[in-house]
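Colleague: All chains should be built: construct the whole structure from the sequences, respecting the hints.
Residue strings, one per chain:
Number of protein chains: 2
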Amino acid sequence: MIYFDNAATSFPKAPGVAESISKFILNDSVNSGRSSYPASQRTARLLFDTRDKLAELLNIEDSSGIIFTANATESLNTVIFGTLNSGDFVLTSKMEHNSVMRPLRYLESINTIKLLQFNSKKDYSFDLEDYKQKLKMNPKLVIVTACSNVTGAIYPFYEMAKLAKQNGALFCLDASQYIGMDEIDVENSEIDFLCFSGHKGLLGPMGTGAFYIREGLDIRSFRYGGTGSKSDKEFQPDFLPDKFESGTMNLTGISGLNAALDFIQKTKIKNIRNKKKTLLNFLINELKKIKNIELYSPLDIEHQIGVLSFIPKNLNISNLTRILDKKDIAVRMGLHCAPSAHKIIGSFSKGGTIRISPGFFTTENEVEELIKVLRNNT
Amino acid sequence: MIYFDNAATSFPKAPGVAESISKFILNDSVNSGRSSYPASQRTARLLFDTRDKLAELLNIEDSSGIIFTANATESLNTVIFGTLNSGDFVLTSKMEHNSVMRPLRYLESINTIKLLQFNSKKDYSFDLEDYKQKLKMNPKLVIVTACSNVTGAIYPFYEMAKLAKQNGALFCLDASQYIGMDEIDVENSEIDFLCFSGHKGLLGPMGTGAFYIREGLDIRSFRYGGTGSKSDKEFQPDFLPDKFESGTMNLTGISGLNAALDFIQKTKIKNIRNKKKTLLNFLINELKKIKNIELYSPLDIEHQIGVLSFIPKNLNISNLTRILDKKDIAVRMGLHCAPSAHKIIGSFSKGGTIRISPGFFTTENEVEELIKVLRNNT
Chain A
127 MIYFDNAATS
137 FPKAPGVAES
147 ISKFILNDSV
157 NSGRSSYPAS
167 QRTARLLFDT
177 RDKLAELLNI
187 EDSSGIIFTA
197 NATESLNTVI
207 FGTLNSGDFV
217 LTSKMEHNSV
227 MRPLRYLESI
237 NTIKLLQFNS
247 KKDYSFDLED
257 YKQKLKMNPK
267 LVIVTACSNV
277 TGAIYPFYEM
287 AKLAKQNGAL
297 FCLDASQYIG
307 MDEIDVENSE
317 IDFLCFSGHK
327 GLLGPMGTGA
337 FYIREGLDIR
347 SFRYGGTGSK
357 SDKEFQPDFL
367 PDKFESGTMN
377 LTGISGLNAA
387 LDFIQKTKIK
397 NIRNKKKTLL
407 NFLINELKKI
417 KNIELYSPLD
427 IEHQIGVLSF
437 IPKNLNISNL
447 TRILDKKDIA
457 VRMGLHCAPS
467 AHKIIGSFSK
477 GGTIRISPGF
487 FTTENEVEEL
497 IKVLRNNT
Chain B
127 MIYFDNAATS
137 FPKAPGVAES
147 ISKFILNDSV
157 NSGRSSYPAS
167 QRTARLLFDT
177 RDKLAELLNI
187 EDSSGIIFTA
197 NATESLNTVI
207 FGTLNSGDFV
217 LTSKMEHNSV
227 MRPLRYLESI
237 NTIKLLQFNS
247 KKDYSFDLED
257 YKQKLKMNPK
267 LVIVTACSNV
277 TGAIYPFYEM
287 AKLAKQNGAL
297 FCLDASQYIG
307 MDEIDVENSE
317 IDFLCFSGHK
327 GLLGPMGTGA
337 FYIREGLDIR
347 SFRYGGTGSK
357 SDKEFQPDFL
367 PDKFESGTMN
377 LTGISGLNAA
387 LDFIQKTKIK
397 NIRNKKKTLL
407 NFLINELKKI
417 KNIELYSPLD
427 IEHQIGVLSF
437 IPKNLNISNL
447 TRILDKKDIA
457 VRMGLHCAPS
467 AHKIIGSFSK
477 GGTIRISPGF
487 FTTENEVEEL
497 IKVLRNNT
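So the sequences go chain by chain: A and B.
Its first residue numbered 127, the first sequence is counted upward by one per residue in my numbering.
Its first residue numbered 127, the second sequence is counted upward by one per residue in my numbering.
Fair warning: there could be bad hints in the mix.
Repeated chains share a single entry, so a pair holds when one copy, or any two copies, can fit it.
Below 25 Å or equal to it, Euclidean Cα-Cα: the simulated SDA-like pairs (lysine to any residue) are [claimed, not checked]:
no., residue 1, residue 2
1, Lys356, Pro164
2, Lys401, Phe389
3, Lys248, Asp451
4, Lys469, Gln243
5, Lys247, Lys359
6, Lys394, Lys439
7, Lys469, Ser357
8, Lys248, Gln391
9, Lys453, Asn407
10, Lys439, Pro367
11, Lys359, Leu241
12, Lys262, Lys414
13, Lys240, Ser212
Simulated from the structure, these hints should not be mistaken for laboratory data.
Modeller: Here is the structure:
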């Protein structure tokens, strides 16, 4: 398989992930934080250690503000449902994934919230003037993606967080597509909530995700149950991370994520970004040479995370995807769970785009293979 | 390690679980249901196949009523929050885990529901007369555990489900401690919701759980987001399982659960139960011989799933647990996230019990090792 679907999940995973999980299952796969025997203490340390590695990667001072979830969708739902109350205004972009839009549209449909959306521009960037205007309507929460999962466009989220804070709004960043691709500095930003998955840029296993909540912020929990703490009480503990982490943790996945974070730490985010830039340059240049392909993504790699959307001019996207499927070249076709984004960039009526998302392990040879098939079939 | 903490999570896992996950990570770890390339189709089949194996195990006709979750706690929260509305009565026992009690107590604290609890009897059974009386108060939902995670007592859940139905109540069974230990027949019962974990009796990896929802029942979703279906809409699809399964699935864990279900299917639940009964008989007889140990569990194995609680008469539970920890004999001490249960059986004021929960792979030799330490230290 030649894999260009890293925006869905990374493949291959970081070296060591499979081995780490396998060892964990065979030797140490017991519950954490519930008991005092040695293996249980080791899994409690695994949990603590993985939280710490995430905190270090994201420059977060207190790792107990990092909550493990099943995926970024659960992270986003927890922040959205935990923060918003009846009558609240929420501000978001028109480029969001359904993991943001579906919970918001649900809350809008039951008349809990009023949803505001700011515009995007033709060059794939956000309309920051419109953003500033909408901020004046005093949203309680601003929620935006760090980069588009359709076009790869990187958004100025530090600046947007600062503007949100100046207007008294909480700022939630959906970093699902961004984390592991480039640096994120939480402490030196005005980000209040950071939601992300562990299986995309972090190169960890599917089934892992997390969110960060800034110290002092008090939001409702989303799931209540056993935490191994305050077990004499039938009420949820109110301290972090226990408030949000009920039931047996996905220690299987976390043992894999831990190994992936070791790899990320060793490789360094800066090098990951630079390697991707080189490959992106090559990929973009090759794609530009194919005359029957229309790109729907910013091509300046400083504003491009590594997700390219295109539509062939002379056949429909399904037919071209079928050809790629047969060659075992993995791309994703369609709306990528972000219908509004396609309306903005003009690809909705065409059924969406074909999305190419190379990963850290993608080679120039693999790009050449892809280009060859695209050139011969468009 | 000699492992007697299977009620927290099973260890070791079923043969094949580690290998299945490792192979999945290395060869096939791509997203399902989002794309059409061969590996993505294989993971979609893995998901479908695991759902089907669960349906077969539980005698469920339509496997699309089985929803994967991160753990039984998430399953229970989804059913509880999805079902209950302002003013509803809920009936439960006094033997429930905090995964049931904490969401219910939360809903009670915000005046959404009125919580009713029926009594237990001195012999560790439920007071069915009291249950019938409380049913007359027309609860919308009855939620009970199939067996106690503290005493191992098995409850007459088929009969209770029938009584609930006769009174127009929905019946939710918490099978977290029961599944994989003995047969469950959903089709021929009045169970409306079945919540369970994949990592206890099913011998799968931590991070897996599920619930079943009877066809035709319409409850609110608990998490909204991308499903790979109806991607042109910013509203959650209303069909199963997509309504409840948003975001990237834990295919890592599910690949392990699939292998565990193969083992369960091959071994057969009946044989698992019989093997456990033989071991339990041996364990109970040996425990009874130790005069300084007081058992807090039903000892008739027909009413005992395989979880035994005890308190040493001549030292406190922490000190004895510390001795067991040092010998690398894994038990769990305390309230086991079920404070009310300890109030009922009389162990709350003593800080709870020491819980012994053997598993499918526990040997008589291991029981002898445990008994030796208990005999020498009490």
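Colleague: Quick one: which hint numbers does this structure break? Sort them smallest to largest.
Modeller: 3, 6, 8, 10 and 12
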